[in-house]
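Those protein sequences? They're chains A and B, same order as listed.
To convert, count from 1 in the first sequence and add 21; that's the working numbering.
To convert, count from 1 in the second sequence and add 6; that's the working numbering.
There may be inaccurate statements among the hints.
What the hints assert, rightly or not - Derived BS3-like pairs: lysine-lysine, alpha-carbon spacing no greater than 25 angstroms straight-line:
id	chain 1	residue 1	chain 2	residue 2
1	A	K98	B	K47
2	B	K47	B	K28
3	A	K73	B	K50
4	B	K28	A	K81
Claimed, not checked - Derived coverage of chain A by chain B (criterion: at least 3 residues anywhere in the stretch with Cβ under 8 angstroms from a Cβ of chain B; other residues may be distant):
id	segment
5	31-41
6	65-74
7	80-92
To be verified - A partial selection of chain B residues facing chain A, derived with a Cβ cut-off under 10 angstroms:
id	residue
8	V10
9	Y39
10	K46
11	L49
12	F70
13	H79
14	F96
15	A98
16	S105
17	T106
18	Y110
19	F111
20	P113
Calculated directly from the structure, the hints in this document are not laboratory data.
Positions of the beta carbon are idealized from the N, C-alpha and C atoms, including for glycine.
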Amino acid sequence: GNSVTQMEGPVTLSEEAFLTINCTYTATGYPSLFWYVQYPGEGLQLLLKATKADDKGSNKGFEATYRKETTSFHLEKGSVQVSDSAVYFCALSAYYASGSARQLTFGSGTQLTVLP
Amino acid sequence: DTAVSQTPKYLVTQMGNDKSIKCEQNLGHDTMYWYKQDSKKFLKIMFSYNNKELIINETVPNRFSPKSPDKAHLNLHINSLELGDSAVYFCASSPSGFSTDTQYFGPGTRLTVL
Numbered sequence: 022g023n024s025v026t027q028m029e030g031p032v033t034l035s036e037e038a039f040l041t042i043n044c045t046y047t048a049t050g051y052p053s054l055f056w057y058v059q060y061p062g063e064g065l066q067l068l069l070k071a072t073k074a075d076d077k078g079s080n081k082g083f084e085a086t087y088r089k090e091t092t093s094f095h096l097e098k099g100s101v102q103v104s105d106s107a108v109y110f111c112a113l114s115a116y117y118a119s120g121s122a123r124q125l126t127f128g129s130g131t132q133l134t135v136l137p
Numbered sequence: 007d008t009a010v011s012q013t014p015k016y017l018v019t020q021m022g023n024d025k026s027i028k029c030e031q032n033l034g035h036d037t038m039y040w041y042k043q044d045s046k047k048f049l050k051i052m053f054s055y056n057n058k059e060l061i062i063n064e065t066v067p068n069r070f071s072p073k074s075p076d077k078a079h080l081n082l083h084i085n086s087l088e089l090g091d092s093a094v095y096f097c098a099s100s101p102s103g104f105s106t107d108t109q110y111f112g113p114g115t116r117l118t119v120l
């Protein structure tokens, strides 16, 4: 079946530090890959996505590259800010078991705290 | 304007009660979803509807029943609530259910069963 393995947290960084959150996946076919972010007390919102191999998604200084050969989609940011403190979810979209619909499968989430 | 809205935001109730959570989206999307997020933040799909038709029905207890009166609304009714149902429930929508689609999430409903 489909699965997403995400770096366990929590992760605590100082402001302006470099961020990497590792994500690897298992899926049949050619999934789309996503990073969603959840700020405290809110729902999830899309951070970035990539829909085919070697695509790079980017948004708000965050980047991730769809690596089919290593089945990975690691999230990076060169200089984090206090406002980046949130829970980050890696996810893939692939066929549901019956083959008639797609579903998102999420990783376990990584709590990031950025200290001033 | 809120894109995906849920009511109520908080729900505290006793074991054995029946409760409903409502979800509405004003994005014109065809597909809507319900997710459950447990205390460790793990998210799992429960149901999905496309144009009012149920297309994903994960292995959840049949005490949970989704209803979609039209493609802008997807409600979740829960019978005979149990302690283990305590969680945050998120509604989401996407344009068409394609794998490349972004899903748009509501703010969540925190259900606490006492």
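Hints, one by one, checked against the model:
no.	hint	in the structure
1	A:K98 - B:K47	holds, 23 angstroms
2	B:K47 - B:K28	holds, 21 angstroms
3	A:K73 - B:K50	holds, 24 angstroms
4	B:K28 - A:K81	violated, 32 angstroms
5	31-41	violated (count 0)
6	65-74	holds (count 5)
7	80-92	violated (count 0)
8	V10	holds, 7 angstroms
9	Y39	holds, 8 angstroms
10	K46	holds, 7 angstroms
11	L49	holds, 4 angstroms
12	F70	violated, 17 angstroms
13	H79	violated, 17 angstroms
14	F96	holds, 6 angstroms
15	A98	holds, 8 angstroms
16	S105	holds, 4 angstroms
17	T106	holds, 5 angstroms
18	Y110	holds, 8 angstroms
19	F111	holds, 4 angstroms
20	P113	holds, 5 angstroms
Hints 4, 5, 7, 12 and 13 from the earlier list are contradicted by this structure; the remaining hints agree with it.
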